[in-house]
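This is what each chain is made of:
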Amino acid sequence: MALLEIRDLSVLSGDVALVSGVNFDVESGERVGLIGESGSGKSMTALAVMGLLSQGLTTSGRVEFSGEDLLTLSERRRSALRGDRIAMIFQEPMTALNPTKRIGDQVGETLRIHRNLSRRDALKAAIELLARVEMPEPARYAHMYPHELSGGQRQRVMIAIAISCDPDVILADEPTTALDVTVQRRVLDLLDRLVAEEGCAFLLIAHDLAVVSEVCDRVITMYGGVLVESGLVSEVIGDPRHPYTRALLETSRALSVDGAAPGTDLPSIAGTVPSAGHFPAGCPFRDRCERRVDACIAMPPMQVDGTHSIACWNPVTLLREPKG
Amino acid sequence: MTTFPDSIASASPIGPHDVALVDRAGTRWQRWRHSPNLVIGGLIVGIIVMVAIVSLFWTPYNPLAVDTAHVLAGPSMRHWLGTDEYGRDLLSRLMAGSQVAMFVGSLSVVFATVIGVPAGLLAAQRGGVVSHLVLRFADILYGFPVLLAAVVLVAGFGASTIIVVWAIGIAYIPIFIRVTRSNALVVLRSEYVMAARAYGRRPLAITRRHVVPNIATTMIAQMSLLFALAILAEAGLDFLGLGTTAPTASWGTMLQESQNYLSSDSFLIVLPSLAIIVCVLGFALLGDGIGELRDARSDR
Amino acid sequence: MTDTGPLLEVCDLSKVYQSHRHLGKSTTAVRNANLSVNVGDTIAIVGESGSGKSTFARLLMILEMPTSGTISYHGEVVSGLKERQLREYRRRVQMVFQDPMSSLDPRMKIHDILAEPLRALGIDVDEGERVRELLTSVELPASAANRYAHQFSGGQRQRIAIARALSTSPEMLIADEPVSALDVSVRAQILNLLSGLVRDFGLTLVFISHDMAVVRHLCRRVVVLYHGDIVETGDTEDIFQNPQRQYTKELVAAVPRIRVARGAAEGTPRRT
Chain A
1 MALLEIRDLS
11 VLSGDVALVS
21 GVNFDVESGE
31 RVGLIGESGS
41 GKSMTALAVM
51 GLLSQGLTTS
61 GRVEFSGEDL
71 LTLSERRRSA
81 LRGDRIAMIF
91 QEPMTALNPT
101 KRIGDQVGET
111 LRIHRNLSRR
121 DALKAAIELL
131 ARVEMPEPAR
141 YAHMYPHELS
151 GGQRQRVMIA
161 IAISCDPDVI
171 LADEPTTALD
181 VTVQRRVLDL
191 LDRLVAEEGC
201 AFLLIAHDLA
211 VVSEVCDRVI
221 TMYGGVLVES
231 GLVSEVIGDP
241 RHPYTRALLE
251 TSRALSVDGA
261 APGTDLPSIA
271 GTVPSAGHFP
281 AGCPFRDRCE
291 RRVDACIAMP
301 PMQVDGTHSI
311 ACWNPVTLLR
321 EPKG
Chain B
1001 MTTFPDSIAS
1011 ASPIGPHDVA
1021 LVDRAGTRWQ
1031 RWRHSPNLVI
1041 GGLIVGIIVM
1051 VAIVSLFWTP
1061 YNPLAVDTAH
1071 VLAGPSMRHW
1081 LGTDEYGRDL
1091 LSRLMAGSQV
1101 AMFVGSLSVV
1111 FATVIGVPAG
1121 LLAAQRGGVV
1131 SHLVLRFADI
1141 LYGFPVLLAA
1151 VVLVAGFGAS
1161 TIIVVWAIGI
1171 AYIPIFIRVT
1181 RSNALVVLRS
1191 EYVMAARAYG
1201 RRPLAITRRH
1211 VVPNIATTMI
1221 AQMSLLFALA
1231 ILAEAGLDFL
1241 GLGTTAPTAS
1251 WGTMLQESQN
1261 YLSSDSFLIV
1271 LPSLAIIVCV
1281 LGFALLGDGI
1291 GELRDARSDR
Chain C
2001 MTDTGPLLEV
2011 CDLSKVYQSH
2021 RHLGKSTTAV
2031 RNANLSVNVG
2041 DTIAIVGESG
2051 SGKSTFARLL
2061 MILEMPTSGT
2071 ISYHGEVVSG
2081 LKERQLREYR
2091 RRVQMVFQDP
2101 MSSLDPRMKI
2111 HDILAEPLRA
2121 LGIDVDEGER
2131 VRELLTSVEL
2141 PASAANRYAH
2151 QFSGGQRQRI
2161 AIARALSTSP
2171 EMLIADEPVS
2181 ALDVSVRAQI
2191 LNLLSGLVRD
2201 FGLTLVFISH
2211 DMAVVRHLCR
2221 RVVVLYHGDI
2231 VETGDTEDIF
2241 QNPQRQYTKE
2251 LVAAVPRIRV
2261 ARGAAEGTPR
2271 RT
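Residue numbers (the working numbering), protein chains in the order written: chain A, 1 to 324; chain B, 1001 to 1300; chain C, 2001 to 2272.
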């Protein structure tokens, strides 16, 4: 049984589906990257797993965490799990941290809630955690307020909060998107090292293929609320078979530092991402897909090839012979 | 000077990028149905305004007509809401009172707007010393809450309805100055205003073309809310004898005249009170409702 | 205005902000910047937050006054001029802003948004005709003119912003992180559009960015800013293959690369 088993997860806003029928597993200690652009539903999926969706949205399906279905649990039980067994790192550290509380208090808060530590012990532990996330002068920073820290430092604080109770899984929603390039590098390296040290599972939500490829073992791509491709990094990024992943990879590759030479046109995907509720019926990518066939008016089932799954009627064929 | 070459004009594909040109949230006017505040508030205000207009031409009885034969009568077929201690028809007096409420409400708010909004815009646009002076002017006016302003004016000019208009107007000017200024500053700091400066728009034109349209809805909502408060203030001043004087029918004077009948004929107090409450509620809901509409065009 | 010599010349430009609250405390956003831009150049100003690049862009657009130094265009100083003397400069130098969600007036129709620069600068031209031409050049349908900004996606709004910048038929475009807020697939579209327009209209491009990859694709020269100082300048390829300064090396090395396995470098060599 996997640590996290997500089955047929759907999130609806009224009758608009933001996430449709998503299935995937995260094993203990595994690092999975969830890639998508805006409107793909990737953030919604993460929030659904954490039980942090806003009131007006309805969720269906199952999110099994160590055997318990998180979607049907009481809020009380979910709160007990959050911060302790499942931790989340958000994109904007300034809004995710309380501006009126000191750093040390915020880092220690999870320990006080879940481990019943006293204020003093929690502060001590907080300082140790700040040292682990490479904050210079942790004792001094523990007494500061969020606004006195830089973006990168605040993100380190968020990471410290996330690892404080040795969680089984950490969800990170675009943790480095709002950071400068050089800061992003350091924070990513830190996350990489800490996840390895903690041995916890890691679900990274990002729009940047390169970031995911550097830190994760497995990759899942989403488009229009639907899971389109899933597999090992070597499979999905080495040889993507879903037209969307393939096109995204081509564009990302061209836009990477080692990418296309100037003067040539960048590969791009024709058209624009529709707004929620305006995706075509069947495969959400079909209006923009070069490999579109008649069957695409119906949602394609997942074709499974070992560890590599593709939701496509007409995937790009393999370069090597398929197994089985 | 570059011109647009024919090759560009003829070669571009229209199709793929057209896909998302869908009306996203529906136009602002279609959304009003979803705002209960707007619908209910609008309804109430609509009814009151109609009553006020109708009462200019007709009321069941003359609001001032004394009828000693039917004093303090309860609701009946003759007098639908009864009569007061002078036998005057209460329904007619309530209707006449709505005229005063609308008159004072609209005039005072318009007066405060006409002075306060341009001052606020000026402060936001010019900043520096000018803004400082305008804000200090607002501070001075803050020192004259409605009651104090009314007392001073009455001392000088005697009590009347128009005194109430001035008093409330003066008290509200600083509110409009501050609200306008803060809303205008938000717009002036936006990127589209910076873009306008970058293509050479002058400050005054920016205020006229960008600031005003973008604060309009908020300001109208604000005016509606202050209208509600103005009615309340008007009733209060009339009650204290600082505004409309008896025997003229206004909700405030009706309250003043019925003080002695609190225990015996409480409907004399309840009716004008209800009128005030409903009116204030209506304008407040309307203001909130308009405020909710504001978000339509800034939607993603 | 002369036609020989650099188009834009920045001499010893500095911008210092005095703090209102702490007397005596000041921040130097840009320090002694020197830059020469020739006609047809595509030059990138690269830096992270706090580097001064946004301030630099605003100084180039004369939206702010420098504390010292000058900016000259076609050989004439423009940095100290009053607004009414800047009409010609404003017509020839236009800007594309970063955030497509906030750089277009939500209350204005697209037609007006595109026509505003013409009206503001007193350019006499058939508005309807020009708006149609502009929309075509950014690959949007003519029906877009009657709609409002909120009815468009981020990428489409950025097309509108670019169209607005082109409305006065400028010579030089200053683009402040125009694709940073866009999804990857849209980014490529907009960059293709920009490079096409630069080519077809013979524009000079000053491209502000923190994204090294985008810069490499679009610009032939790079200027690296760090805390207000220009630390390195050069041809794009030189900067990438042979960065001289420590900061530049860090900047190039820090960009995540696409890997096919964790820790492994990408298999396929870059095709030129």
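In short, the hints are calculated from the structure, not lab data. Idealized CB from N, CA, C, for every residue including glycine. A portion of the hints provided could be inaccurate.
Stretches of chain C that chain B covers, calculated by requiring three or more beta carbons in the stretch to come under 8 Å of a beta carbon on chain B [what the hints assert, rightly or not]:
1) 2103–2111
2) 2115–2128
3) 2233–2245
Pulled a few chain C residues facing chain B out of the computed Cβ check, cut under 7 Å [what the hints assert, rightly or not]:
4) Met2061
5) Leu2063
6) Glu2250
Stretch by stretch, here's where chain C covers chain B in the computed footprint (C-beta under 8 Å, at least three residues) [stated by the list, open to error]:
7) 1187–1199
8) 1202–1214
Task: Check of the region 2115–2128 of chain C against chain B for coverage (Cβ-Cβ below 8 Å, three residues minimum) - done: Held - the region 2115–2128 of chain C has 4 residues with a Cβ nearer than 8 Å to chain B, which meets the minimum of three.
Task: Status of the Met2061/C interface restraint (C-beta, 7 Å, chain B) - done: holds (5 Å)
Open item on the list: Taking beta carbons only, do three or more residues of the region 1202–1214 of chain B come closer than 8 Å to chain C?
Closed with: holds (count 6)
TODO: Examine the region 2103–2111 of chain C for residues whose CB is less than 8 Å from any CB of chain B, and state whether their number is three or more.
DONE: Holds, because 6 residues of the region 2103–2111 of chain C bring their Cβ atoms closer than 8 Å to Cβ atoms of chain B.
TODO: Against chain B, run the beta carbon of Leu2063/C and see if the smallest gap drops under 7 Å.
DONE: At about 6 Å, which falls below the 7 Å cut-off, the nearest Cβ of chain B leaves the hint on Leu2063/C intact, so it holds.
TODO: Tell me if chain B covers the region 2233–2245 of chain C under the three-residue, 8 Å CB rule, please?
DONE: violated (count 0)
Task: Closest C-beta approach of Glu2250/C to chain B relative to 7 Å, hint status - done: violated (30 Å)
TODO: Test coverage of the region 1187–1199 of chain B by chain C using CB-CB distances below 8 Å; three residues minimum.
DONE: Since 9 is at least three, the answer is holds.
Hint check: violations occur at hints 3, 6; the rest are consistent with the structure.
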